[in-house]
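Visitor: Same order as they appear, the protein sequences are chains A and B. For the first sequence, our numbering begins at 1 and goes up steadily by one. For the second sequence, our numbering begins at 163 and goes up steadily by one.
These aren't lab readings, by the way, just hints derived from the structure by calculation. Bear in mind the structure is a predicted one, so any value in this text is a computation, not a measurement. There may be inaccurate statements among the hints.
Said to hold, decoys possible - Derived DSS-like pairs (lysine-lysine); straight-line CA-CA distance at most 27 Å:
| hint | chain 1 | residue 1 | chain 2 | residue 2 |
| --- | --- | --- | --- | --- |
| 1 | B | K398 | A | K2 |
| 2 | A | K23 | B | K389 |
| 3 | B | K389 | A | K3 |
Stated by the list, open to error - Ranges of calculated distance between the beta carbons of each label pair, as one might list FRET restraints:
| hint | chain 1 | residue 1 | chain 2 | residue 2 | range |
| --- | --- | --- | --- | --- | --- |
| 4 | A | P18 | B | P171 | 45 to 55 Å |
| 5 | B | P210 | A | K23 | 19 to 29 Å |
| 6 | A | K50 | B | N201 | 27 to 37 Å |
| 7 | B | W289 | A | R63 | 50 to 60 Å |
| 8 | A | K126 | B | D438 | 53 to 63 Å |
| 9 | B | E324 | A | T62 | 47 to 57 Å |
| 10 | A | I120 | B | W289 | 12 to 22 Å |
| 11 | A | E64 | B | D446 | 48 to 58 Å |
| 12 | B | K398 | A | E37 | 38 to 48 Å |
| 13 | B | F185 | A | F100 | 23 to 33 Å |
What the hints assert, rightly or not - In silico contact screen, one side only, chain A against chain B (beta carbon under 8 Å); selected entries:
| hint | residue |
| --- | --- |
| 14 | A26 |
| 15 | R29 |
| 16 | L141 |
For each residue, glycine too, the CB sits at the ideal point set by N, CA and C.
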Amino acid sequence: MKKEFSKEIIDEITTRCPEASVKIHAPRRVYIRVPREKVYDLAKFLYEQKEFRLSIATGIDTREGVEIIYHFTFDQAGTYYNLKITIPKDDLQTKSLATFLPAANWIEREIHELLGVDFIGHPNLKPLLTAESWPAELHPLRRDYADEHKNLKMKEKSEEAL
Amino acid sequence: MRRVVPIGPYHPLQEEPEFFKLFVEGEKVVDIEINIGYNHRGHEFISPTLTWDQVPFLVERICGICSDSHPYAYVLAVEDCARIEPAPRGQYIRTIIGELERIHSHYLWLGLAGHFIGYNTVWMWVWRYREPLLDLFELIMGNRNHYAINKIGGARRDIVPEDYPEIEKYLNILEEKNAMFTKAILDDPVISARLEGVGILPKEDAIAYGVLGPTARGSGYATDARKDDPYDAYDKVDWDMIVFPEGDVLAKTKVRLLECDESIKIVRQCLKQMPDGPIETRVDEIPPGEGIGRHEAPRGEVFHYVRSDGSNMPVRHKVRAPSFMNLASNAVAVKGYSIADAALVLAAIDPCYCCTERTIVYEKGKRKYTGQDLLRLSREKTEEIRRRYRK
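With the sequences and hints as input, model every part of the structure.
Guide: Quick look at the structure:
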């Protein structure tokens, strides 16, 4: 098999989601921007029918909102198909992929605590990396973190947490 | 009756602090809860405060064993973002160091695995031949670890032709010894009986959890960034991907042993083909855009994503280490096995042992098992199998 993106897969994605805008950066790097309501069905389709693997997801705080990139990879052709969604800051939530894809479980927990995005339907949204005494309303990867954390104090450490 | 066996927070597995709660019924593990985050140092937060050329030194410190893989993946990501074609000689140097590092990392795991199941000979042998490799790193780059060889556009240091014979000499010794280990370990009926059928991770679960590296290849899922998405010199040399379908600890051991042979093959060919010329290309600026870098580290694919806005610092830098995916798969692999196997299974993905000393089991406020006991349990099981074979 040729080691580059396949036109058929991109066509299938665009027929399922006509709003998708595709950017081909390199033969094995494809970025696809989709509306956030469509990402759940697309991810399910890619994982269950095309045997894609979820490599990881990245959350980025931008001016327009919090952007999440789901890095899906198709190992037979070594190609990364990156699904991008933007979530407006006044409504920070999206459907969780962890319900059918265990690989999404930890990274959604990580994005939840570092950027404050709520994943609806996630089986266990407990903090993954931050300490137990870390305030839940403080998200370190948000741009306003520096201003915000001046006014906040760490919770008292409980005996149990130690 | 359900009891909880806590392992951690400085778990069995070497320098990585993590905490496992094993739920056991009698000897059998029925459920597991995994907590991580004890070593969260905020690299993704620090990275955007540094310039493009400073970041490799930061990410090099993420892992002490495979300290080459994170900067490697990072420079590949930046080169992808800015469409930089690295200097060919630099590419070969990076490949050689990447492969030598794979050997020393796999040997570390083999030695510790041998120690844990009560084969101290394996441990001493393997580490005996791992040591000269670290000396070789010192010879080439001046450091036994944290070699800082990667740079955007090529390599930071040259491998001088006077060093080639030294590398060749080491490879010759290693080739012979690796064949010896492979034969000694795989032909030993007791080791096979001890590791076979333990901690099976089926292929479907391997894909669902997105596991990587030897963990995936030991479960029959053929994924290797060096083959799937060849970078640097990997498509210019001839080598094979090692895949075993069984999914148990023995399969993962086999993958690691045979991969060392492939690494020796790659380094040999690289030394032969190494072109002359500069080791790096000039990089003036990183234009706005985004890039993905993937490098097959000893434990699996390391993934780096960078985004640039055209300034001298990254806007966002995402790091994904292979253990992040592999660890979660323990939820499947450890269920149904005994406590004597548990620490071995948890270690089979190779975040590695060491901190077994910290494992304590409490029952009604009284200490029941310590790390030493876990080690003893594991060795007793080997001893039992050994006795069976003697009869």
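Visitor: Okay, P210/B versus K23/A on CB: inside 19 to 29 Å?
Guide: With Cβ atoms ~23 Å apart, the hint holds.
Visitor: With 47 to 57 Å as the target window, see if E324/B and T62/A comply at their CB atoms.
Guide: 51 Å, holds
Visitor: Taking 8 Å as the limit, does the beta-carbon of R29/A come near enough to a beta-carbon in chain B?
Guide: 6 Å, holds
Visitor: Given a hint of 48 to 58 Å, does the C-beta separation of E64/A and D446/B actually sit inside it?
Guide: 30 Å, violated
Visitor: Is 27 to 37 Å a correct range for the gap between the Cβ atoms of K50/A and N201/B?
Guide: 35 Å, holds
Visitor: Does the structure keep K398/B and K2/A at a Cα separation of 27 Å or less?
Guide: 16 Å, holds
Visitor: Do the Cβ positions of P18/A and P171/B conform to the proposed distance bound of 45 to 55 Å?
Guide: Distance hint for P18/A, P171/B holds at roughly 50 Å.
Visitor: Using the Cβ atoms, figure out if F185/B sits within 23 to 33 Å of F100/A.
Guide: 25 Å, holds
Visitor: Min Cβ distance, L141/A to chain B: is it shorter than 8 Å?
Guide: 7 Å, holds
Visitor: Does 53 to 63 Å hold as the CB distance between K126/A and D438/B, or does it fail?
Guide: Given about 56 Å between the Cβ atoms, the range holds.
Visitor: Evaluate the given range 38 to 48 Å for the C-beta pair formed by K398/B and E37/A.
Guide: At roughly 45 Å between Cβ atoms, E37/A and K398/B fall inside 38 to 48 Å, so the hint holds.
Visitor: A range of 12 to 22 Å was offered for this pair. Does it hold for the Cβ distance of I120/A and W289/B?
Guide: 50 Å, violated
Consistency with the previously given hints fails for numbers 10, 11, ordered from lowest to highest.
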